[in-house]
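The sequence shown begins at 506 in this note's numbering and counts up by one.
Possibly wrong hints are sitting among the right ones.
Said to hold, decoys possible - In silico DSBU-like pairs for lysine-lysine, Cα to Cα no more than 35 angstroms straight-line:
1. 659 with 820
2. 816 with 1005
3. 870 with 779
4. 659 with 816
5. 807 with 890
6. 1005 with 1097
7. 890 with 659
8. 820 with 807
9. 1097 with 820
10. 787 with 870
11. 807 with 779
12. 816 with 787
13. 1005 with 890
14. 820 with 779
15. 1005 with 807
16. 820 with 890
17. 807 with 870
18. 870 with 890
19. 787 with 890
20. 787 with 807
21. 816 with 890
22. 787 with 820
23. 659 with 787
24. 779 with 890
25. 870 with 820
In case anyone wonders, no lab produced these hints; they're calculated from the structure.
Quantities reported herein were computed from a predicted structural model and do not represent experimental measurements.
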Amino acid sequence: MCRRFLWRCRDGWGCRYRGQVCHLFQGRVDFIYSIDLMRSAFLSMSCRAGKNLPGSLITRTMRQNMTTNNALRSAAGRLPLLLAILALAASQTGCFDGGGGSSKRHDTRTGVFVDSPVSGLRYATDSQDGVTDSQGTFEYRHNETVAFYLGDLKLGEANGAEVITPLDLVADADDHTDETVTNIAVLLQTLDQDGNVSNGITITPEIAERVSDYADRLAFDMDYAAFSASLADLLADLNSAEPPLFTDTFPGPRAVVAEAEAQEHLGRAIAPQKVVDTEYGKLSGFQHPDGTWAWYGVPYAKPPVGELRWKPPVKPEAWEGVRWATGWADQSAQNPAYAAFGEGGMSEDSLYLNITVPDGHDGEKLPVMVWFHGGGFAILTGNTKAFNNTSLPQEGVVVVTVNHRLGPFGYMAHPALTAESPDSTSGNYGQLDLIAALEWVRDNIAGFGGDPDNVTIFGESGGGGKVLSLINSPMASGLFHKAIVQSGMAGPDDQLMPIKNLLAAEEADGVAVAEALQVQDAEDVAAALRAVPWPELAAVADSTGRLFSPNVDGIYMLGGIRESFEAGAHNDVPVIAGANQGDTPGLIDGLKWYMPWMADNNASAVFTYVFDHLPDNWSSQGALAYHGAELVYVFDYPDSFLSHYLLGLTGLQDPVGGDTPTPEGFFMNHPGWNPNDEAVTDNMRAMWANFARSGDPSIEDFEWPAYTSENDTYIRIAQSLTMETGLEEAFPESD
506 MCRRFLWRCR DGWGCRYRGQ VCHLFQGRVD FIYSIDLMRS AFLSMSCRAG
556 KNLPGSLITR TMRQNMTTNN ALRSAAGRLP LLLAILALAA SQTGCFDGGG
606 GSSKRHDTRT GVFVDSPVSG LRYATDSQDG VTDSQGTFEY RHNETVAFYL
656 GDLKLGEANG AEVITPLDLV ADADDHTDET VTNIAVLLQT LDQDGNVSNG
706 ITITPEIAER VSDYADRLAF DMDYAAFSAS LADLLADLNS AEPPLFTDTF
756 PGPRAVVAEA EAQEHLGRAI APQKVVDTEY GKLSGFQHPD GTWAWYGVPY
806 AKPPVGELRW KPPVKPEAWE GVRWATGWAD QSAQNPAYAA FGEGGMSEDS
856 LYLNITVPDG HDGEKLPVMV WFHGGGFAIL TGNTKAFNNT SLPQEGVVVV
906 TVNHRLGPFG YMAHPALTAE SPDSTSGNYG QLDLIAALEW VRDNIAGFGG
956 DPDNVTIFGE SGGGGKVLSL INSPMASGLF HKAIVQSGMA GPDDQLMPIK
1006 NLLAAEEADG VAVAEALQVQ DAEDVAAALR AVPWPELAAV ADSTGRLFSP
1056 NVDGIYMLGG IRESFEAGAH NDVPVIAGAN QGDTPGLIDG LKWYMPWMAD
1106 NNASAVFTYV FDHLPDNWSS QGALAYHGAE LVYVFDYPDS FLSHYLLGLT
1156 GLQDPVGGDT PTPEGFFMNH PGWNPNDEAV TDNMRAMWAN FARSGDPSIE
1206 DFEWPAYTSE NDTYIRIAQS LTMETGLEEA FPESD
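Build out the structure end to end from the sequences listed, making use of the hints.
Below is the structure:
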């Protein structure tokens, strides 16, 4: 059987391998080639093999044996001659086994080991061995088995393929939740050098060497609890190494990755993938079981670390190859206690987006909804399962969630930082991050099916405050086209989200932090501040009691928001704004204060609502729709009821219904979820999506009229939708 052959393709005749019918020898030699055609064939062979085989050599050799084309017509007698000619060319090009040059490379294939691409794994086949590179790449030959090792610890083996995952290493595993598969994923994710699997898993030689020391104590075929316990000595060794082997900056020792977390990450990595192009490189996203597509951990700016701390965001670096966007990036640096409420680690390297896109809309330009999370300007994250749930995108919108700098990292000003700035400003870095994120959306979202000319920004609590701040910023002009403010309108005297915060006041807060850190008298205060590790900076800033928020710096923001509206200097876009029935008094009063003058000074329509619904199990105990309760319904994620309650961020000891005491047994009584709740979430998702689509939140069978100071009309969102008037009387009286 012919193992090598000449095969016609786009670039002429070339050398190919077995697997197709041999066109040169088919049991009898009946092909008649001219000298020129044979010469062309060999030249193409040399090109494919990366060789420059002199055409004169081929021609000269052939002419020595054949004076005319007719010499080939006696094929049977010329078979040895033809073979000799082919052998000569092959010896120069490496087309035959044992040939010179690149015979090994010509037969070599590449694959990627993925649980996020894993670098630093040793691999071995019958023909070669090596270490996976930064892209997780390994090499193999057709029909070879590839074995993978972490140090001397064998992870398993699988038939060579373009992608190999831990699931492929366990022959009898049904899915990625298999015990052995899970433990392999747990080990890899736990030992990632920087603890951030969104940028790949890196196993350094030093980490691999330590694993080798413990290889005889580790076995994957046990339950998670036993396997986790077996890692204790290895982790203790790694955590105590000097210099440190783990480079993440989260305080405390590295811990074993949770079983569910490891399974979820691996599940995303082995799901169907879709690659999109951005201006910085290719991104591979994954498909949820319901068909929705998602890309997590998408960089929109360089990590704001080192000299970039307290600097405006810088565009991200481009990357080679395909970046896997299947892992959560880090949450933004803040009090580490809040890390448990989000997904991913925590560090200053946090300028990333998550993107979720509905399936079945190829060729369409879908409206884009960009979500800013709450937590004032100080805490929390866009990395939650609730905010990145697939229900809202299934309304036909692209949802983008944003992480940005928070607290002292995002909003602290200081005279030394102002002095080094070319604009003589400081603070507002978190808002500049949001602008950078919107610029990224403008420039790249079309590749995901989104319409860059139809972007809605929306947020709740502090996220709503961020939305209002961008409405007030000339730097954000044209980057968004609609806005939704959920429980984010603080009154004129609010300290957490002040409507007009001067640069000098924010600088004074920065000086207080520098004094608490004992660096205010340093020769270079800015450098001394940048040298402080982020956990220490976060803790000391919290201890000062200072609140950091956007400031009027003459660049990002020119004046207070009411001044801007009344001067017509704001970004005039359609707006939805509202609050919850049991919201904090300051936000209820703020909504009442904002709405008349906002509507009077905005040419675009303004709509308002009161959210007034809780599940039966909670409402029957006297609870009102607390701060953040509507989030469960906007994102259709019932599992977030309790976390949103706990993170109501009302500023009160008892967040349920403002001053209303928490009913006895409230925490033990799950809120429940029934058809009434389904109706509420269906309505809210449809209204929010319709507003993003057209600027009109009306839905079938219910028209939502715009608010004016004259009609004073709002809608009440409960088990049914009703239109009411009199915003001043819409909420229960508060002290």
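- Query: Would the pair residue 816 and residue 1005 pass a check requiring their Cα atoms to be no farther apart than 35 angstroms?
  - Reply: Since the Cα atoms of residue 816 and residue 1005 sit roughly 22 angstroms apart, the hinted pair holds (cutoff 35 angstroms).
- Holds or violated: residue 1097 with residue 820, Cα cutoff 35 angstroms? 40 angstroms, violated
- Query: Hey, residue 787 versus residue 807, does the alpha-carbon distance stay inside 35 angstroms?
  - Reply: Roughly 17 angstroms between the alpha carbons, so the hint for residue 787 and residue 807 holds.
- Does the alpha-carbon distance linking residue 870 and residue 820 stay inside the 35 angstroms limit? Judged against 35 angstroms, a Cα distance of about 25 angstroms means the pair holds.
- Assess, step by step, whether the Cα of residue 787 is no farther than 35 angstroms from the Cα of residue 890, and give holds or violated. At roughly 24 angstroms apart (the allowed maximum being 35 angstroms), residue 890 and residue 787 satisfy the hint.
- Message: Can you confirm whether the C-alpha distance between residue 779 and residue 890 stays at or below 35 angstroms?
- Response: Roughly 21 angstroms between the alpha carbons, so the hint for residue 779 and residue 890 holds.
- Query: Has the given pair, residue 816 with residue 890, been kept, meaning a C-alpha gap of at most 35 angstroms?
  - Reply: 30 angstroms, holds
- Restraint status (C-alpha distance of residue 820 to residue 779 at most 35 angstroms): With a Cα-Cα distance of about 24 angstroms, the restraint between residue 820 and residue 779 holds, given a limit of 35 angstroms.
- Message: Against the 35 angstroms threshold, does the CA-CA distance of residue 1005 and residue 1097 hold or violate the hint?
- Response: With Cα atoms ~18 angstroms apart, residue 1005 and residue 1097 stay inside 35 angstroms; holds.
- Query: Can the restraint linking residue 1005 and residue 890 be considered satisfied, given a maximum Cα separation of 35 angstroms?
  - Reply: Distance of about 34 angstroms is within 35 angstroms: holds.
- Holds or violated: residue 787 with residue 820, Cα cutoff 35 angstroms? 16 angstroms, holds
- Message: Checking one constraint from the list: CA of residue 659 to CA of residue 820, max 35 angstroms. Satisfied?
- Response: 40 angstroms, violated
In this structure, the hints that do not hold are numbers 1, 4, 9, in rising order.
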